[in-house]
Each structure stands twice: as C-alpha cells, then as structure tokens.
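J.: Each chain, written out:
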Amino acid sequence: MASEILSVAISVAIVATALVALFSKKVSISLIFLFYASTLLGIAFTVYGNALVGLMQIVTFSGAVSVLFLTVILLTGESKLDIGATRLTIAVAAGALVLVVLALTQISPGLVGLQPSEYSDVSLATFSFLWQYRPWDLLILVTVFASAMVTVANLFSRET
Amino acid sequence: MVTDQVVFLSTGILLVFLGIASISYSKNLVKTVMSFQVVLLGANLALFASGITGPQSLVGGTRITTDSFVFLSILVGAAMEAVGLAIVVNVYRKYGTLNPSEIRKLRH
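Chains A and B are the protein sequences, given in the same order.
Counting along the first sequence from 1, when you hit position 63 you're at 63 in our numbering, and nothing is skipped either side.
Counting along the second sequence from 1, when you hit position 72 you're at 72 in our numbering, and nothing is skipped either side.
Do not rely on the hints blindly, as some may be mistaken.
[Claimed, not checked] With a cut-off of at most 20 Å between alpha-carbon atoms, the simulated SDA-like pairs for lysine to any residue come out as follows:
{"id": "1", "chain 1": "B", "residue 1": "Lys94", "chain 2": "A", "residue 2": "Gly77"}
{"id": "2", "chain 1": "A", "residue 1": "Lys26", "chain 2": "A", "residue 2": "Leu75"}
{"id": "3", "chain 1": "A", "residue 1": "Lys25", "chain 2": "B", "residue 2": "Ala21"}
{"id": "4", "chain 1": "B", "residue 1": "Lys27", "chain 2": "B", "residue 2": "Val91"}
In case anyone wonders, no lab produced these hints; they're calculated from the structure.
Could you build the full structure based on these sequences and the hints that come with them?
T.: This is how it looks when you write it as structure tokens:
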C-alpha cells in the first residue's frame, strides 16, 4: 500500500512539474521545471529498481540536455531570465525536490525490496558497482545539479 | 487494483499526450523541443512501467529487456534533442525569430 502511495506521489510531482514546464510563459521557468521533471523521473527509475537507468536519466537529461537548452536560450536571446521575480518559485521548487528526495531515501529501502544482492543473480555484475551508490550519494548528485542550474541561471540573469 | 505499474503507465501516457498538445500549442521552437522532451520522458516512464511486475520478474528477464530499451531510448532521445536544438539555432540565425508562423511568413 505504501508503495502505491509513493508511486502516486512521484507521478503527481512529475506531472505537476511537466505541466508548469509546458505551459509556462517564460522559457527560463520552463527550463527549470523541465530539469525538475527529468530529475524526478530519474529518482523514480532509481527507487523502482534500476539505478543505472536512473543515473543515466539524471546525468543525460538533467545535466547535459538542460545545459544545452540553457545555451540555446541564451544564444537566441529568448531567455528574459528574470531571476529576481522567480526566486521564490525556484526556492519552493528546489525545497520541494529536496523534501521528495529525503522522503524517498528514508522510505525506499523497505518499499522496493530490490537490494544489490538480488541483481547478482541475473548476471549484471558489470554494472554492480553502481549499486554501491547509497541514497545519500544520489541526494548529493541531485543537489549538485540543482545548484549548478540555479547558479548558471543567476550568472546570466539581467539583474545583478 | 491500482498497482505501481498502472500508476506509472498512466502517468507516462498522460505525459505523452501533454507533450503532443504542447507541441501543437507552442509558439516558440525552443518550447517545442522542450515538449518533445516531455513526450520522451513519458515514453520512457511507460516503457519502464511495463517491466514493473515485481521482483520475481528479474529472474525471468523481463525487467532487463525493458530497462535496456529505456537506456537506449534515453541515449537516442538526448541525441535527437541535441540535433533539434542545433536546428533551432540555425533557424534563428537565418530568420531572426523562433515563432513558427513568423518563420512561415518570412519564407514567402
């Protein structure tokens, strides 16, 4: 039952961030919430059984593709980065993300039941080192990516 | 009974339709590529959810197959988005706008 609640919570968070990303007027806000949607999806992949896919999702979409989007937005002059007006939104979104990750790290081991030892039975020894990642490592990874995104957005903002 | 698989599958399908709706609604090419990413996220989530049938599926190999496809989809999708963004930059350099209807007018 708790597993279903967790999956519904993650799904609602993903849909909410995707909705804001899709239908926001400002491209900078869209980019930030798209970053959160990608990260949440990576967390879902990680919690529900495959850390490799989750990490790949976070590194690729939350990291590389987000920076690519940011570069294109700045190149085309479509940014209109108004960080001053959106500081509250970013803070709330980042706080919510950290809370979700914290909740997942506290709940997930008992919910999912997929421990590293189970994967040794299915000859995935090649990627078994990825299971050495603890939830706190993932939390640090997500926090680093989020802070990098906010920092770069602040760097290029028109307000100083 | 609502299971994790059903929840994630329906979320993935919802994301795909939201992305398609946003692609048709968008007035900015960058937002169009962003909508494409949401479609991709939804497809990946649905594909991942199709493999969630419990820990015992790991033995049968179902989970490995779906996860491999998700992995492949992530890589291919990222490459496609990079190409799409490169096209967007080139279009902006040529026409000076990212609005599709304005670009259409400028072409004629």
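J.: Looking back at the numbered hints, which does the structure fail to meet, lowest number first?
T.: Checked against the structure, no hint fails, so every one of them is satisfied.
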